[in-house]
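There are 2 protein chains.
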Amino acid sequence: MAQAPIDFYFDFSSPYGYLAAHRVEALGAETGREILWHPILLGVAFKATGQSPLVSQPLRGPYHLNDMKRSARRLGLPFQLPDGFPLATMAAARAFYWAEATSPVAAKKLALALLNACFAEGTNITKAETVAAIAADLGFIAEAVMAGIADPAIKEKLRAETDVAIARGVFGSPFFIADGELFWGNDRLADLRDWILTGGW
Amino acid sequence: MAQAPIDFYFDFSSPYGYLAAHRVEALGAETGREILWHPILLGVAFKATGQSPLVSQPLRGPYHLNDMKRSARRLGLPFQLPDGFPLATMAAARAFYWAEATSPVAAKKLALALLNACFAEGTNITKAETVAAIAADLGFIAEAVMAGIADPAIKEKLRAETDVAIARGVFGSPFFIADGELFWGNDRLADLRDWILTGGW
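Taken in order, these protein sequences are the chains called A and B.
Take 667 as the starting number for the first sequence in the working numbering and just add one per residue.
Take 667 as the starting number for the second sequence in the working numbering and just add one per residue.
I should point out that these hints are in silico values taken from the structure, not numbers from a laboratory.
The structure displayed is predicted, hence computed values, not measured ones.
A portion of the hints provided could be inaccurate.
Remember, identical chains collapse to one label, so a pair may be satisfied in a single copy or spanning two.
Calculated cross-link-like contacts (lysine to any residue; reagent style SDA-like; alpha-carbon spacing at most 25 Å) [unchecked claim]: (1) Lys775 - Gly866; (2) Lys735 - Ile832; (3) Lys821 - Gly727; (4) Lys821 - Leu731; (5) Lys775 - Gly865; (6) Lys793 - Pro752; (7) Lys823 - Leu725; (8) Lys821 - Gly742; (9) Lys793 - Asn782; (10) Lys793 - Gly698; (11) Lys735 - Asp857; (12) Lys735 - Leu863; (13) Lys735 - Gly835; (14) Lys735 - Asp845; (15) Lys823 - Ser722; (16) Lys775 - Ala714; (17) Lys823 - Arg699; (18) Lys823 - Gln746; (19) Lys735 - Gly851; (20) Lys821 - Ala754; (21) Lys793 - Ala692; (22) Lys823 - Gly698; (23) Lys774 - Gln717; (24) Lys713 - Pro724; (25) Lys735 - Ala816.
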């Protein structure tokens with residue numbers, strides 16, 4: 667019988683989500699678990715927790731900016747903050763769910779391309795047109811992407827995914843849930859891996 | 667020539683500080699670096715960052731309570747939150763600096779005993795009398811501890827250490843500074859170790 671999948675929550679405006687997105691499928695392969703990607707709008711969770719975007723905070727902002735860069739260097743990934751960071755990422759998240767309805771595999775490729783555009787190349791991916799152009803480079807039909815981003819059912823899907831995430835205890839990005847256990851942060855992927863492989867401790 | 671020491675900042679009311687205190691000297695031995703322990707009052711830093719004690723926060727509180735427990739289990743350390751958590755820890759921190767003026771080694775032993783009383787046994791260590799009793803079990807003279815905790819010069823030392831910490835960018839516990847590089851969290855000790863051993867990346 668197939669093992670339960672791992673839920674991978676992230677916001678398209680999350681630098682640590684970008685880093686984790688490059689690692690999580692390898693963890694899925696190693697543990698034999700499917701990874702379900704769930705882009706969400708972290709701002710909604712921030713309202714519940716009273717948090718604000720990290721890089722704008724005194725002390726915590728400068729620390730994390732340095733930590734994002736050195737974490738990326740360690741993983742061998744290019745890194746820069748996009749213009750206008752932190753970004754509104756409704757269009758990107760909706761495009762993901764629109765693509766996922768046709769092909770989860772294609773949706774993950776789109777998500778990675780959007781995250782790379784944002785954090786490897788520094789592109790502001792807020793606008794639907796930008797998202798559609800990046801998707802078009804992967805072979806999606808730009809007009810169909812635009813229609814998907816504007817589709818009320820897709821908007822509702824993103825709202826519902828964000829609500830479910832918060833109800834399950836998600837408050838940051840990246841966030842992982844496996845076998846009912848929650849792990850927050852790119853720096854906890856090794857813990858998640860060990861938890862699954864050992865059955866927990 | 668001796669290598670530069672590693673600064674280890676923590677608050678006596680910090681569960682993750684307790685966990686790190688049990689690990690940091692082994693890291694010092696492995697890397698050949700002296701560890702300088704600096705208890706501080708994290709509440710002062712929280713005023714600068716707008717943060718509040720973790721376990722009282724929606725979503726973040728329940729997550730971290732579970733994470734503290736599983737982090738302790740993984741390290742084979744007993745764990746419970748003390749009565750009245752989060753605690754005011756001026757007395758404990760002042761006792762540390764009082765003891766350190768005589769013997770940094772004895773001060774570290776005292777710090778570990780206080781952290782164990784707090785997070786292994788669940789003792790509320792806020793009161794000076796409680797701190798003095800724990801110190802007395804280690805051979806300190808209780809009256810001398812009490813006098814140290816009340817000494818204006820020791821109070822000023824704690825204030826100054828906390829101010830210096832914030833000026834250096836410290837905003838959480840545990841927090842490490844080595845060779846000008848900042849690392850936050852018990853879960854970043856492996857990164858700190860690798861950074862020192864490799865010279866950084």
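Here's how the hints hold up against the structure:
1. Taking CA atoms no more than 25 Å apart as the test, lysine 775 paired with glycine 866 passes in neither setting, with 31 Å inside one copy and 32 Å between copies.
2. Taking the shortest Cα distances, lysine 735 and isoleucine 832 sit within 25 Å of each other only across copies (22 Å), while inside one copy they are farther apart (28 Å).
3. With identical chains, the CA atoms of lysine 821 and glycine 727 are never at most 25 Å apart, being 31 Å at best within one copy and 30 Å at best between copies.
4. For the homomeric pair lysine 821 and leucine 731, neither the shortest alpha-carbon distance inside one copy (31 Å) nor that between copies (34 Å) is at most 25 Å.
5. In this assembly of identical chains, the alpha carbons of lysine 775 and glycine 865 never lie at most 25 Å apart, being 30 Å within a copy and 35 Å across copies at closest.
6. In this assembly of identical chains, lysine 793 and proline 752 lie within 25 Å of each other by CA distance solely inside one copy; the values are 14 Å within and 44 Å between copies.
7. Proximity of lysine 823 to leucine 725 under the C-alpha cut-off of 25 Å is restricted to the inter-copy arrangement: shortest distance 22 Å between copies versus 36 Å within a copy.
8. For the homomeric pair lysine 821 and glycine 742, neither the shortest alpha-carbon distance inside one copy (35 Å) nor that between copies (46 Å) is at most 25 Å.
9. In this homomeric assembly, lysine 793 and asparagine 782 come within 25 Å of each other (Cα to Cα) only inside a single copy, at 16 Å, whereas the closest approach across copies is 53 Å.
10. Taking CA atoms no more than 25 Å apart as the test, lysine 793 paired with glycine 698 passes in neither setting, with 36 Å inside one copy and 52 Å between copies.
11. In this assembly of identical chains, lysine 735 and aspartate 857 lie within 25 Å of each other by CA distance both inside one copy and across copies; the values are 22 Å within and 14 Å between.
12. Taking the closest pair of Cα atoms, lysine 735 and leucine 863 come within 25 Å of each other only across two copies (19 Å); inside a single copy the shortest separation is 29 Å, beyond that limit.
13. Taking identical chains as interchangeable, the C-alpha atoms of lysine 735 and glycine 835 lie at most 25 Å apart only when they sit on different chains, with a minimum of 17 Å there against 28 Å within one chain.
14. Taking CA atoms no more than 25 Å apart as the test, lysine 735 paired with aspartate 845 passes between copies only; the shortest distance there is 17 Å, against 31 Å inside one copy.
15. In this assembly of identical chains, lysine 823 and serine 722 lie within 25 Å of each other by CA distance neither inside one copy nor across copies; the values are 29 Å within and 31 Å between.
16. For the identical chains of this complex, lysine 775 and alanine 714 are neighbours neither inside a copy (31 Å) nor across copies (40 Å), given an alpha-carbon limit of 25 Å.
17. Taking the shortest Cα distances, lysine 823 and arginine 699 sit within 25 Å of each other inside one copy (24 Å), while across copies they are farther apart (53 Å).
18. Taking the closest pair of Cα atoms, lysine 823 and glutamine 746 never come within 25 Å of each other, the shortest separation being 30 Å inside a single copy and 40 Å across copies.
19. Taking the shortest alpha-carbon separations for lysine 735 and glycine 851, both the intra-copy value of 15 Å and the inter-copy value of 17 Å come in at or below 25 Å.
20. For a Cα distance limit of 25 Å, the shortest separation of lysine 821 from alanine 754 inside one copy, 14 Å, qualifies, whereas the shortest one across copies, 46 Å, does not.
21. For the homomeric pair lysine 793 and alanine 692, neither the shortest alpha-carbon distance inside one copy (30 Å) nor that between copies (50 Å) is at most 25 Å.
22. Neither within a single protomer nor between protomers do lysine 823 and glycine 698 lie at most 25 Å apart by alpha-carbon distance, with minima of 27 Å and 54 Å respectively.
23. For the homomeric pair lysine 774 and glutamine 717, neither the shortest alpha-carbon distance inside one copy (28 Å) nor that between copies (34 Å) is at most 25 Å.
24. Proximity of lysine 713 to proline 724 under the C-alpha cut-off of 25 Å is found in both arrangements, the shortest distances being 19 Å within a copy and 10 Å between copies.
25. For the identical chains of this complex, lysine 735 and alanine 816 are neighbours neither inside a copy (34 Å) nor across copies (44 Å), given an alpha-carbon limit of 25 Å.
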